[in-house]
Amino acid sequence: MAIFKEHNSNPVEHDRSIEDRRRHHKLVERAIKENLGDILSEESIIGEGNDKKIKIPIRGLKEYQFIYGKNSPGVGRGDGTERRGDIVGEDKSGKGQGSQGAGNEEGEDIYETEITIEDVLNYLMEDLALPYMSKSRFSEILTENSKKKSGYQKHGINPRLAKKRTVIEKIKRKQSMKRTLREIKKPDKIERFPFKEDDLRYYRAKKTYKRESNAAIICVMDVSGSMDNTKKYLARSFFFVLSRFIRMKYNSIEVAFVSHTTIGKEVNENEFFHRGESGGTYISSGLNKALEIIDKRYNPAHWNVYTFYVSDGENWAEDNEKAIQASKKLCEICNMFGYAEILPGTYSMIKNRMVSEINYTNFIAVTINEKKELWTALKTMLKKELSGE
Amino acid sequence: MDYTIRDLERWSERIEDVARDVGLDFYDQEFEIINYRDMIAYEAYVGMPSRYPHWSFGKAYEKTRTLYKFNLTGLPYEMVINSNPCLAYLMNENTLLIQILTIAHVYGHNDFFKNNRLFREGICADYTIGMFKTHADIIRSYANDPSIGYESVEGVIDSAHAIKIQTSRVVGEKRLSYETMKRNILEDYKKKSERYNILEPYTKPEPPKIDKVPLEPEEDLLYFIIEYGDLKEWEKNVLEIVRKETQYFIPQIETKIMNEGWASYWHYNILKKLELPEYLNMEFIKRHNDVIAQWSGSLNPYFLGFKVFEDIHKRYGKDKIFEVRSIERDESFIRRYLTEELCMELNLFSYVKQGKNYVIEDISDEAGWKNIRNILASSCGMGMVPYIRVIDMSRKDKTLILEHVYDGRELNMDYAESTLKHIVDLWGHTVILKTKLGGREIKIVCDEYRKISHI
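Chains as they are written, first to last, in full-length UniProt numbering: chain A, 1 to 389; chain B, 1 to 455.
Errors might be hidden in some of the hints.
[To be verified] Have a look at the derived ranges for each label pair, beta carbon to beta carbon:
1. Ile5/B - Glu29/A: 41 to 47 Å
2. Glu403/B - Arg83/A: 53 to 59 Å
3. Asn289/B - Arg83/A: 26 to 32 Å
4. Glu29/A - Pro49/B: 40 to 46 Å
5. Glu90/A - Gly439/B: 22 to 28 Å
These are calculated hints, taken from the structure and not from any lab test. Note that the Cβ used here is the ideal one computed from N, Cα and C, for glycine as well.
Isolated chain A (complex conformation) (with noise of 0.2 Å):
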């Protein structure tokens, strides 16, 4: 005679599979982390919001064993139409299999996980194993913009009427003559009882000081003939994930796009990533045009300028001094001021230039010799900048 046991007496619903799905999760994270240099490379994540969902395939969860690869026969089962010759399925390459046999019913173990941009942005902070930033450590401006209601008073401006409050006064005042009225052993019967100057109360209002930091970051990219596509596109990843990252350090922020040939001038986001030019290559003359800018709008006493700088290193040599004159110029003023070569060439002189004459502690210079340094390079500007020095 079998036994029959109900199992969920126990009310308190118990999850054995808890811990490791934990562990589980843990080592999923860890393989992202792992991953990410090849994900911010990614050309798709440029100009997405913070919500946008990447997907990630997983390498490092696959349980790997001994298993037969595609070459295996194997055996269905039709309706008896089939002739030989027929195709049955189709390898699509990992996806699944078009056809299974009953001996490998242990498809291709894909694994995906999505995860958002800002959950990137995070990774990225641990992987740098710095703490949150704190935003007091930056240079703010107090705006009086904001005021708090706090308490109440007896008078004030119609619009901070405090209404529920008056209607409190009101009832108070019609209580207490209530109880006048039985004391006194008259009927407490009160026919109508209207509001008085007496009842009106008003909310008080403080002035509070927000802190607010504010940045502007300058884009500086070259788009001459000889950055090619595939340049080009590097560079926007990383002035792409550099502005997310001062984006998440200051409440407002504004950036502003130079692409210089021989002449430079300011262009919109869309122009800036999307347009390419051709001719020869001043340095300078993208520098000095955000020079102008920072001179015009963004006072460095007010604003915590970044300017950062992409170029294949390929200038004109009489150029040359003059960009290290800009350069200079330009540590002076800005928090910041990167200096990334992507793919250099064989001609590309001035950064050995830049590095041994600009002897300013907020320059960086980073090389970018194949997408996967993309992921060093963007460490090296941002570890510097987000330390606090």
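Since chain A is already given, all that's left is putting chain B on it; use the hints.
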């Protein structure tokens, strides 16, 4: 639930009587009624009430839950554990008829567990639950030991899982001692050198290498690593635990088609004898057809096993099916009893990959059915696991040489390389795998720094 536990007990009693009448022989049966969440959890932990901690179970849980959430998979009606007494879980969401059908199905499994040779010889059903519990406790104690720690234990389990299925392929095999093996080899050699065929020219047989490790190719990789590796005591114990638990599952892997076929055969025949009221009978027909339904493109083991057992019964009578369930395993079952007529009735076909497509190679007709049967027989049970064995170990630097016994199916290189890395993690020295790729013999080398190269 529009029925009570008492109802189930009554039905179970009737089912048990019928099962005994028709000749099933089973362990005492226990049922536990659980909800779907518990069912997902039991599925992840292969039914064991207690299992050592590892993320792969968490992963399995998430996978099933996600698939279930998006309705991509149903949950099993039941889960049966091969133990004595036999333990089975029923889901409380199911209708009365499903419960009746499932209970009958469970008695089929129960009988199979108790009588099939692989289970009888390979597993001690009395201690199953306790064994898994003890293993879980040991692993937890290592994880909690400050001198070992969770992550170290996890690393060893990761690697052990990678090769756990590369184990002995003969259930219940007795392992010969080193001395015996050596003696056998020497005797063989002696016989060979004494007796030779007078019609053939005399060739002196090669003297055997008796100081070689392993003396004979070893298919149980975990055993070999425990025996000859440089592992710490606790690491050996972890490997031994993984190895023992795998051995428990081997009979189930080897008899999937038979086991499910047998249980389906009996739930069908028992329910027919129960004289169900009309409203249950309709549902019975439908549910039974669901269980043995054709899956898109692939073969449903429930269906295949069911059909073959029905056919054996028709051709050889009732006693024969009981004999078959006792002595066969999937491979021999298919090879012996999947006939031409059955192949044709089931419209089986075989396919191979050509370029990007899977193309039908053979269909079930006079010329093709044997090939189809052979492919099926050699790819079921342990046939779906590549056969890898240790053939040599260098005495000098402990380089390990593995051989993939090639049967026409190539290894997935990606997986092979990563698995080799796991072996190196356990072995600590260079590991070389010999296999064939694209018709060429190749060697994949993974050195002690986990660097892969091909020769």
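Taking 26 to 32 Å as the stated bounds, is the beta-carbon spacing between Asn289/B and Arg83/A within them? For Asn289/B and Arg83/A the Cβ distance comes to about 28 Å; the hint holds.
Mind checking the hinted window 53 to 59 Å against the Cβ distance between Glu403/B and Arg83/A? Check failed, 39 Å falls outside 53 to 59 Å.
Tell me if the beta carbons of Glu29/A and Pro49/B are separated by a distance inside 40 to 46 Å. 30 Å, violated
Just to be sure I understand the hint, the distance between the Cβ atoms of Ile5/B and Glu29/A should be within 41 to 47 Å; is that true here? Taking Cβ atoms as reference, Ile5/B and Glu29/A lie about 43 Å apart, which means the hint holds.
Distance restraint hint 22 to 28 Å, applied to the beta-carbon atoms of Glu90/A and Gly439/B: 24 Å, holds
Of the numbered hints listed earlier, those contradicted by the structure are 2 and 4.
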